[in-house]
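Visitor: So you can see what is in the structure, the chains are spelled out below.
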Amino acid sequence: MRKTLLASLIQGPLTEAAPRPDEKALEEVSEGLRRAARRSLGRSLAIREVDTGSCNACELEIHALSNPFYDIERFGLRFVASPRHADVLLVTGPVTSNMREALERTYRATPEPKWVVAVGNCACTGGLFTSSYACVGPVSAVLPVDVTVPGCPPPPIEILRALLALLVGMENDTPQNV
Amino acid sequence: MTALDDLLESCWAAAPCRPWPRLSVTAEQWRTAANELAAGRWTLVSLWAEPQIVHMSILEDSSNRIAILSLQSSHKDFPSIGRSHTPALRLERTIQDLVGLAAQDLPDTRPWLDHGRWKLHHPLATKPSQTHGARPYHFLPVEGPDLHQIPVGPVHAGIIEPGHFRFTASGETVVRLEERLGYVHRGVESLMIGSTIEHAARLAGRASGDSTVAYALAFARAVEAATEIEVPSRVHYVRAIMAEIERIANHVGDIGAICNDAAFALMLAHLGALRERVLRASMNVFGHRLMMDVIVPGGLVRDITSDGIHELLNMLNLIEASFPKLVELYDNTTSLQDRTATAGIVSPELARLFGAGGFVGRASERNFDARKSLGYSPYDMLTFDVPIRKEGDVNARVWIRIREVEQSILLIKLLLDTLPEGPVETVPHRVEAPCEGISIVEGFRGDIFIWLRIDAKGNIDRCHLRDPSWFQWPLLEAAIEGNIVADFPLCNKSFNCSYAGQDL
Ligand code: SF4
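Chains C and A, in that order, are what the protein sequence lines are.
At position 137 of the first sequence the residue is numbered 137 (this note's numbering), and the sequence of numbers has no breaks.
At position 428 of the second sequence the residue is numbered 1428 (this note's numbering), and the sequence of numbers has no breaks.
Simulated from the structure, these hints should not be mistaken for laboratory data.
Only true hints are included.
Subject to a maximum C-alpha distance of 25 Å in a straight line, what follows is the list of computed SDA-like cross-link-like pairs (lysine to any residue): (1) A:Lys1325 / C:Leu5; (2) C:Lys3 / A:Asp1331; (3) A:Lys1119 / C:Ala141; (4) A:Lys1076 / C:Tyr133; (5) A:Lys1119 / C:Ser131; (6) A:Lys1325 / C:Ala7; (7) A:Lys1325 / C:Gln11; (8) A:Lys1119 / C:Ser140; (9) A:Lys1413 / A:Asp1385; (10) C:Lys24 / A:Gly1287.
So here's chain A without its partners, still in its complex pose (with noise of 0.2 Å):
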C-alpha cells in the first residue's frame, strides 16, 4: 500500500474533479507528500493556490497516477513543499506573488514573478492591494578570488524571449548561472478567471506560441474531463496528427538552431527550410501555419479534407526524404561533435528529482511521456518508441529530438492511415453545477499539466497552468556549471525552455 493509496482512503474528494481526484488533506498529510516528494517516490507535477487553499499535484512513480491535494490555509500560509523539496520552490516563490500566501520557513522568500511593476499587489488574492513600487533584486551572493559577474538580458542578443541571466565566471568557466525570469508575465490566469469556455481557450492557446497546439488540446481536454464530453474517434486523432507536425515543427527548427549556435549555419538554413514546408503544409491544412486555435473545447473548427491528407504526406515524404541525410551529416561532422558532446550534462539524479519533462529528462533517463506513461487517446491504442539517452548532453538532447521526428513521422502516417470517419465539429457542453478537469499533454518540450473549474452559469472559475519549462530551467542552471561562457547559447538551445509559459 501507498502514501496514495492511503490517502485516497482516508481523504474525501474536495470536488467532483476528472479524470483524476482531487483530495482535502489536513496539514499533516501535505507534509507526508513533502516527504514523498523527496524521496522520489512521487513527483510534482505543480503548485498554486486560491485565496484560501494551496494545490499540489503529484505524479506516483510506480503505478503513473495523478492525484491533487488541496490544503485549507487560514492563516496566509502554509507548510513548505520547497523546504525539502526543492523543485517547490520557484512555485511558491510565485504563490507569494500572485496570491499572497506564504510558505513556512521558506529558504529564498524573494519575489519571483512580481518586479514591483504590476498595477495591483496579489493580483490574483481576494482583495488586492497597491503594488509598493519596484524594489531591488538581490542574486544570490557568489564569493571568492577571481571570479566577475556578466549580467545578460532581458534584452538579449538574438531574436529571443526576455529574461535575465547573471552569469558569475572565473575566466571563461561558468560558476554558477542565476535565472531572473518574470518579464513576460501577462496575467494569463488571471484573465481567465470569469471568462467564457471560448475565449479562455484562446488565452490557453497563447501561453507559449510554439506550443499553441499542445496548450489548446491541453485546455480542450480539461474543460472535456470536467464537463464529461465525449469527443468522436476522428476528433482525437486529428488533434494528435496536429500534435505530433507541432512536435516536427519545432524539433527541426530547434536543431537547425543549436547547430547554427556551434558555427554550423549549414544546418540550420537546411532545416530552417524544411520547417518552413511544415508550416505552410500547417496553413494548407489547418489555415494557420501554427494552428492556432483550431482545437477547441468539445472539438475541432476546421477538419482535415482528403486534399489534406495529401498536402500532409507529401510534406511527410519530403522530410523522409532529406532528414536522414541531414541526420548523417550532423552525425558525421567532427566540430560539431566536438561542440554538443559532453557540453550542459544534466544528471539523471538531477532530471528525476525535478521531474524533467519531454526531451531535457529523456536525456536524462528519465523514462516519462505523458502520451505513453499516461496514456491518452489515441496514443494508447498506437504503438511508437519513446527513446530514452542517459548522458544528459546536448548531443543526447539533439538525439533524443532526433528519434521524437522520426517517431512522429510514423505516428502522423499512421494516424492518417487509419483515420476513423464521422463528425469533428464541437460538442456542446452543458454544466449545471461547478466541476473540474485536470489533463496532462505531451507538448514538444514535455508535459503541460492544465486544472480548472468550472462555475455553475459555465464560465471559467479557475484555471491553473503548469509549462514544463518550471522543472526545466532550474536544470539549465546546473547544467551550464563548469562549462564555458561560450558554450551557454548552445546548452540553452538544446534546453529551449519556454520564458512565455513559465512566466504566463
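With the rest of the complex left out, here is chain C (with noise of 0.2 Å):
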C-alpha cells in the first residue's frame, strides 16, 4: 500500500491540458442562458445523469470523465446523486416509453435554472431506435434540450467539450439589467 501510495506521489499526474470547448456547442448554449444562473451557480455546475434508454455505452464514457485523466471535478463540474441538487441533467439513450414518466419527474424535481444536455446519437436523434414502438425518441421530444453532443457513444474528451461549452457560455452571458 505504500509503495503505490509512494509512486502515485512520485509519478507526476496523469491528468491531461484542458480541451477547446466545443465551438458548435458554444453557439447553441449562449443563446438560452441568463445572467442569473451566472450570478447563483458562479463557475460550477452539478451534473445529474440520467440514462432513459441507453446501451451502457455512453454511461461508459461518462464514468470515464472521473478517472484522472479527464478529472472533471477541477473545471468545478460534479456528478450528484438528486436531480434536486442538480444544474445539468445529462440525458443518455432514446427515449424509452417505460422510462419517459422517469424523465420528466427528474426534469421536474431539477431546480431552475435548469439546462439539458443531450448525449450520444440515441439521445440527440433517437439513434437506430427511432422507429420503435418502444422508444419516444429524441430526449428533445420530451424535453428542452439546450445541449446535443453527438457520437455512438461520444468519446469523453467531447462530452467534457461540450460541458465547458455550458460554462464559458454562462460566463459570456452579457447581463441585461442590473
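Reconstruct the complex from the two isolated chains, following the hints.
Guide: See the structure below:
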C-alpha cells in the first residue's frame, strides 16, 4: 500500500490539459443562458446523469470523465446523486416509453435554472431506435434540450468540451439589466 | 443414452440450423425437457417465441451439447417450464408480453418488460393490438412485524442504468429484494425483423454497450454458421484479441468500482486510469474506444497493423507492470476485505440451477466458460485457465475477475505472437433459402446466446439475443438477503448485471 501511494506521489499527474470548448455547442448554449444563472452558480455545475434507454456505452464514457485523465471535477463540474441538487441533466438513450415519466419527473425535480444536455446519437436523434414501438424518440421529444453531443458513444473529451461550453457560455452571457 | 440422445433420434429437425440442431418436439417432449432442467441434467440457455411457436435452447451438462427444442402452439399457450424450473419464469413472462403466448399455470403472470406504455401490445405477435395503458404493478407481498420497504429507482443515485429495486428490510437487514426491470426496453428484436444483416449487426452491437464486441462477435458467428461462411483464421484471431481486450477493460473498471463502493477510492483512481489506457489503445488500433462495429458478419472492417501490434503490446506491458501491485493492495487491505469477504453469497446450488454464466457462476463453483466448454475458434486451439472458486461472495467474484484479467493478457500475447497472415475483409454471404444459425460466445459477463433465421432474400427473419444477465439478476436477489442495505451497492457492482442486455 505504502509503495503504491509513494509511487503515485512521485509519478506526476496523468491529468491532461483542458480541451477547447466545442464551438458548435458554444453557439447552442450562449443563446439560452441567463445572467441569473451565472450569478447563482458561479463557475461550477452540478450534473445529474439520467439514462433513458442507453445501451450503457454512453454511461461508460461519462464515467471515464471522472478518471484521472479527464478529472472533470477540476473544472467545477461534478456529478450529484439527486436531481434536486443538479443544474444540468445529462441524458443518454432514445427515451424509452417506459422511462419517459421518470425523465419528466426528474426534470421537474430539478430546480431552475437548469439545462439539459443530450449525450450520444440516441439522445440527440433517437439513433437506431427511432422507429421502435418502445421508444419515444430523442430527448428533445420530451424536454427542451440545450446542448447536444453526438457520437456513438461520444468520447469523453467531446462530452467534456460540451460541458465546458456550457460553463463558458454562462460566463459570456452579458447582463441585461441590473 | 441421455434424454437428449432420445430426442435427437426421435425428433425431426425443424429447419437447417447450424452448428447445433433445432428440433420439433411434442408437448410431451417439451415436458420431458422441463424435467431434465429441473433435475439439473440440462441447463436452460434461453426461452423465446414466435407467433405460433415457442423455442427453448438447452445445454446438456454432461456432454456440453446444445439443442433448440421448438413446440408448435396452436392455442396461444404452451406448457410452462417456469412452473417446475424457476429460471424460466421471467422469460415466460416476457414471451407473454412480446408475443402474447401464455405459459399454462404460470405461477407469476405479471408482465415483465411491458409496463403498459408501449405504442403496441404484444409487439411481436402476428397482429399486435393497441396498448391498454399502464396498470399498477403488484410487488410480491412481504409480511411480518417491524418490516419496512425502501423503493429505489428507476433513476438511481449513481451513473448507472435504470431499474427499480424494492427492498424490504428489518432494521438494517434486507429480508427481500425484488427487482423490476424493463425500463431500457428498446425493442431490439423487433427492429431486427426484416432488416438487412448489416443493420441487424449494428443493433446487436448495441444490445449492451459494455459487451459490444462480444455481441458483435456472437451475431457474426450466428450469421456465419447459418450461411456456412468460413472466415479466414486471422479473423478469428483478431476477434478474440478484441474480445479479450473488452474483458480486461470491463474487469479492470469493475474491480475499481467495487472497491470504490467499499469506500476505497484509491483503487478506482488507479484502475480507472488503466481502463482508460486500454480504451485509448483500442482507439488507436481499432478506431473506436469500445471497438464498436469493427466485427461484422463475414469478417472485420479493420485489421491490426504492425504498429497496432506494438501499441497493444505496450498497453499489455503497462498493465502487467501495475496490475499486480493493485491486486496486492486489494489483498492486503483489511478494511476492504472486511467488506467483500462473506458479503453477497450465491450458493453453488443456486448458481448451477440458474446456469449462471461468467464470474458470477465461476465464483460459485459452476465450471462453465463458453470459450473452453464449447471451444469455438480460436480458443479451441489455445491453452488457458478458467479460474473457479466456491465461496460465491463479493470477494470471490473479484478474484475470478483478477485471474481472468491475467489469463486474458496471456491470451492476447499468445494470439499476437501467432497471428496468421491473410485477409480480414468481409466474405460475402450468399443466401438462396432460409437458414438458421446459433452461436454462444463468452462475453466478459458470461455466455451470450444468439439464434437467428435468415430469409430467402438474405434479410433477418427473426433474431433472438439472450444476455447472461437473465440468469444473474435473480441471483442478486438471493445474494443480498440477510446482508445490510448499505452493502447492496457493493454486491450489485460485484455482479454488474446488464439492464440494457436483459431489457433489450
Ligand atoms: S448513442 Fe450509441 S453508445 Fe450511446 S446509448 Fe445510443 S447506441 Fe449506445
